[in-house]
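A.B. asks: Starting from the given sequences, assemble the full structure and let the hints guide the process.
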Amino acid sequence: MIGLFTTLLLVLNLSTNFDEWLNRATAVMLAGALWLLGAGGQTAGTIVTSKIFSAEIITECTAIFPIMIFLAAVIAYPSGLKRKLWGIALGLPAILFVNLIRLVSLFYIGYWFPSVFETAHLLVWQSLIIFFAVLFWLIWVEVFVHRGQMQHA
Amino acid sequence: MRRSARKLLVFAAQFLLVFIVLTLAWPIFAPVYNVMTVGLANALFPLVEEPDVSWLKAEGNSVAIYVRDLAKGPLLFGYLDYPHSGLVVLLALFLTTPGLTWRRRFITIVSGLGLLVGIHAVSLIAKTRFEYVNAFGSELPIPDSVYLMYAWLGRLLVAVSLTAPFVVWALMTLRYWFPKPITSPIAPAPQPHKKHRAKEARP
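The listed protein sequences correspond, in order, to chains A and B.
By my numbering, the letter at position 31 of the first sequence is numbered 31, and the numbering carries on one by one without gaps.
By my numbering, the letter at position 8 of the second sequence is numbered 8, and the numbering carries on one by one without gaps.
None of these hints come from the bench; they were simulated from the model.
Don't take each hint at face value.
[What the hints assert, rightly or not] Below 30 Å or equal to it, Euclidean Cα-Cα: the simulated DSS-like pairs (lysine-lysine) are:
#	chain 1	residue 1	chain 2	residue 2
1	B	K127	B	K57
2	B	K72	B	K57
3	A	K84	B	K127
4	B	K72	B	K127
5	B	K7	A	K82
C.D. replies: Below, the structure is given as C-alpha cells:
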C-alpha cells in the first residue's frame, strides 16, 4: 500500500498539468458552492474570491491526498474487482463532498472567527479530511467486502 | 470482532466529540509535546548535518529554526507552524477505538505517542532541510531531475506528516477491527468406542 501511495504521488508530481487542473477544478467547485450559499463566489484561475473571504487553492486544499489514501487502501485490500469499483465510485464523490464542506467552512470561519482560522485550517480540518477517507474505507470494507462475503458464504 | 457500518458511525461520532474536546485543550498540552519533539530533533541533527548548523526552539505551537553562525551567533531563519497536528487525532483515535480494554488502551497510547514523537522529530529535521531548499534552491544550479525529486520528496513529506497518526493507529489497532480468521485445524471428533461402533454396525 505504501509503494502504491508513493507511486501515485510520483505520477501526480510528474504530471504538473494535472495538479494545476485539479486546483482549478477545486476552485470552481468552491466558488459554485459559495455562490449557492449566497456568498457570491468567483474564480480567477486558482484564486477564489467571495463577499466573505478570499483564498488561493493549492494542492493541499484539494482532495488529492485523502483520495490517494482511499484509493491505495481500496486497491490494496483483498477483494474482487466489482467491489473495488463500487468503493471507488461511491468513495471518491463522498471525499470530494467532505472536502468541499471543509473549504466552505474555512471561508466562513475566516469571515466570522479570523483568529481561529489557522487552527481550523491546519490543526482540525487537515486531520479530519484524512479521518473521513479512512472512515469511508472502513465502511466500504464492512459493507461491500465483509457483508458481501457473508452473503456468499 | 467485526464492526457493522452502524457501529462505525458511532465510532465516528465519538471520535469527532473527543477530537473537538482535545482540540480545545490543545494549547495546554501542545507546548509540552513541542518541547519533547524539538529536543529529540536537536539531538538528531548532528547525524544529518556536518557541521550541525541548525538549531530548533519550541515556541508555543510553532518551532523556530535558528542557524548557528560563528560570527553573529544563532540567526533566526524561519518558523514551522503547527508541526504536530497529528497528536490530537492520534489521541482521539486511540481513546475511541472500540473493543480495547483500558489497560490495552493505555499501552497503545503510550507506545503510539512514543512512535509519533520519533516520527515528528524526524519530520522536523526534514522540514527544516526543505526550508533551506525552498529558500536557496532557485539560486543554485540544480538540474531539473533533482529539483523534481526534491518536489516529490516535499510532497511525500506532507503526505507522511498527514498520514503518520493514522498509520500508527492502524498498525496498533487494526487487529481489533479485522481479527485474523481462525486458521487452526478443527480438532478431530473423538472416535466412538469399539463396542459402540460394533453396536452401531448391527442392523
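A.B. asks: Hint by hint, where does the structure go against what was stated? Just the numbers, ascending.
C.D. replies: 3
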